[in-house]
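Could you put the whole structure together from the sequences, leaning on the hints where they help?
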Amino acid sequence: MSATALANLAALPVVAPIAAALILLLFPRPNLARRVFAVVVLTALLGLSLWMVAHVQAGGPLILRVGGWLTPYGIVLVGDTLAAIMLCLSSFTALACVLYGFAEKPTADEHPMRLPLMLLLLSGIDLSFVTGDLFNLFVAFEVMLLSSYALLTLEATARESRGALPYLTLNLVGSALFLATCGFTYSLLGTLNFAEMIVRTDPLVGDVRLTVLAVLMLLVFGLKAGVFPLYYWLPGSYPILPAPTAAFYAGMLTKVGVYVLLRLFGTVLPPELTGLHTLIAWTAGLTMVIGVLGAVAQGRVQKILSYHIVSQIGFMVLAIGLFTPFAFTAAIFYIIHHIIVKAALFLVGGVIVRANGTDDLDRTGGLWRAAPWLGIVFVIQAMSLAGLPPLSGFWGKLMILQEGLGQGEWVLVGTALLASILTLVSMLKIWLGAFWRGAPAEPLNYDGRAKRMTAVGLGMVAVSLVIGLGAEFFVKTAKHAAGETLDRAGYVRTVKAADARIHEGKHP
Amino acid sequence: MTNQLEAAILVFVLFTAGVYLSLSRRFLRILFGFLLISNAANLVLIAISGDPTRRLSATVGADGLPHNAVDPLPQALILTAIVIGFAVAAYLTVLLYRLYTDRGAATMNSLYADKAPGGAVARQTEGDP
Chain A
0 MSATALANLA ALPVVAPIAA ALILLLFPRP NLARRVFAVV VLTALLGLSL WMVAHVQAGG
60 PLILRVGGWL TPYGIVLVGD TLAAIMLCLS SFTALACVLY GFAEKPTADE HPMRLPLMLL
120 LLSGIDLSFV TGDLFNLFVA FEVMLLSSYA LLTLEATARE SRGALPYLTL NLVGSALFLA
180 TCGFTYSLLG TLNFAEMIVR TDPLVGDVRL TVLAVLMLLV FGLKAGVFPL YYWLPGSYPI
240 LPAPTAAFYA GMLTKVGVYV LLRLFGTVLP PELTGLHTLI AWTAGLTMVI GVLGAVAQGR
300 VQKILSYHIV SQIGFMVLAI GLFTPFAFTA AIFYIIHHII VKAALFLVGG VIVRANGTDD
360 LDRTGGLWRA APWLGIVFVI QAMSLAGLPP LSGFWGKLMI LQEGLGQGEW VLVGTALLAS
420 ILTLVSMLKI WLGAFWRGAP AEPLNYDGRA KRMTAVGLGM VAVSLVIGLG AEFFVKTAKH
480 AAGETLDRAG YVRTVKAADA RIHEGKHP
Chain B
0 MTNQLEAAIL VFVLFTAGVY LSLSRRFLRI LFGFLLISNA ANLVLIAISG DPTRRLSATV
60 GADGLPHNAV DPLPQALILT AIVIGFAVAA YLTVLLYRLY TDRGAATMNS LYADKAPGGA
120 VARQTEGDP
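Those protein sequence lines, which keep their order, are chains A and B. FYI, the numbering for the first sequence is 0 to 507, going by numbering that gives the first Met the number 0. FYI, the numbering for the second sequence is 0 to 128, going by numbering that gives the first Met the number 0.
These are calculated hints, taken from the structure and not from any lab test. Glycine residues also receive a C-beta, built at the ideal position from the N, C-alpha and C atoms. Just to be clear, a hint being listed does not mean it is correct.
Derived coverage of chain A by chain B (criterion: at least 3 residues anywhere in the stretch with Cβ under 8 Å from a Cβ of chain B; other residues may be distant) [unchecked claim]: (1) 145 to 153; (2) 476 to 490.
Chain B regions said to be covered by chain A (calculated; three or more residues, Cβ under 8 Å) [claimed, not checked]: (3) 28 to 37; (4) 40 to 48; (5) 68 to 76; (6) 80 to 88; (7) 98 to 111.
This is the structure in structure tokens:
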């Protein structure tokens, strides 16, 4: 296949989930065939994105101009290494969460809308990874957010539904701000295409309007990522979700915000905005501490884990703020590590709720005796989250701290270490409350379904262990992705080179 | 792109009124507040759709355009944004209605009051901080 024909594959991670969701909507009754179909689609997507990671590292990014429009005028999809890595993570997490959902409930009890909405959510997430256009990114975010709103209240009880309101309202404000930012970008630069924006921001370095624009972008995507002081919506809304959906949200949604920050500050905006990078690093430090303090104060598994997302986002964003190729490598490696670990921990939380009937740590217990494998999943992922060697979290934190020390940011490094210790403390709290303590009065509900749910968790642990023990390979891939993300001239060159191919008439 | 002061004032008024309404306690006002905010953002897009000559707009032969022509691209953006805003407004309406049926009252106080009315009391033993 020629390069232009191959480039069409960049659209597949967006188109395939939408098509699959529409097909599922034609069959509203939950049955086995629907489940098999969803698993096949997600597995195929995972295979495709793994192939993409290998292919784009060797042969350069996949560039697709949608509708054949030339670069500055039409929408362009750019599947580079970073996007391909994120696509892998999104399809893997979706697959694990869907399998877990199948293990949790018999086919007849499944909500008919859950699978289609999950797939639509996935397509929105994937589009925000591959898009090379700011307004298209807005559309991708809205596809993602609308599906996530619907999923959030789909299976919520009357008691829980109020948790959706802060999530919805804050994201509405975020969307309005994003739209206004698109407008300001267009009036300042006259384009919304990333490649063209790169070219046009260079002469504007030092212009205060560009700085204001960058601050607006930081606000919008900081809100989506859950950065301090914009994280308020997160810990209230995630615990109302059923476990498999919560795990998918916890793994992917905030990381989309982090990805966009990486893309915008690394690729699109000029690297001379050093004042803003310092601002990012310090808000990241605050995010780490506030998030982990919130986690320590909580008494419920899902709440503790939700606050940990906020704290962990701080680590990734700190790496963005340090702004060197090595720091970006660390950020990307940390994202890879974090998505798998966090999703697995939420899945464990779901089994705890099922076994004990609650996730209130005052009334749980006895799981280590009843479910040692679940304990193993939890311990490995919790230690990885806290950053104990040789697990995957250790390498991510090591690289971030190394870079921080290299730049002489002693306070931030100290903050990160403190946050790691407090992470360990709150993980111990779950361990002692749910696993180590004797069983509560009611018998534990650890049946065959819970065992299969644990098996999905074990699969994620295996991946996580591979990341930790084979860190060299993953760091190498992350390094390639970081180099590509920071190579602004290279980004423009590859996107424009795709135009040249049309002019030569080689378009299929 | 000559005189945008009116647009700026209008955006300011809409944003202010929207934020004021959305911070109130009654669901209906919250809904209207967010409708105003999303329309203010749409207005920002209208305000930028000025003369296309300076820009990379998708206009062929921009030189031959009349003096007061506008850039077509922001119009496409607004259309998309309006459609999306409509979907979100529909969802917000449904969510607020659902909260009303779940709680039996259409104010924020009912959401965060300790004793929820009706059937919600039984579920309260689930444990919530």
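Here's how the hints hold up against the structure:
no. : hint       : verdict
1   : 145 to 153 : holds (count 4)
2   : 476 to 490 : violated (count 0)
3   : 28 to 37   : holds (count 4)
4   : 40 to 48   : holds (count 6)
5   : 68 to 76   : holds (count 3)
6   : 80 to 88   : holds (count 4)
7   : 98 to 111  : holds (count 5)
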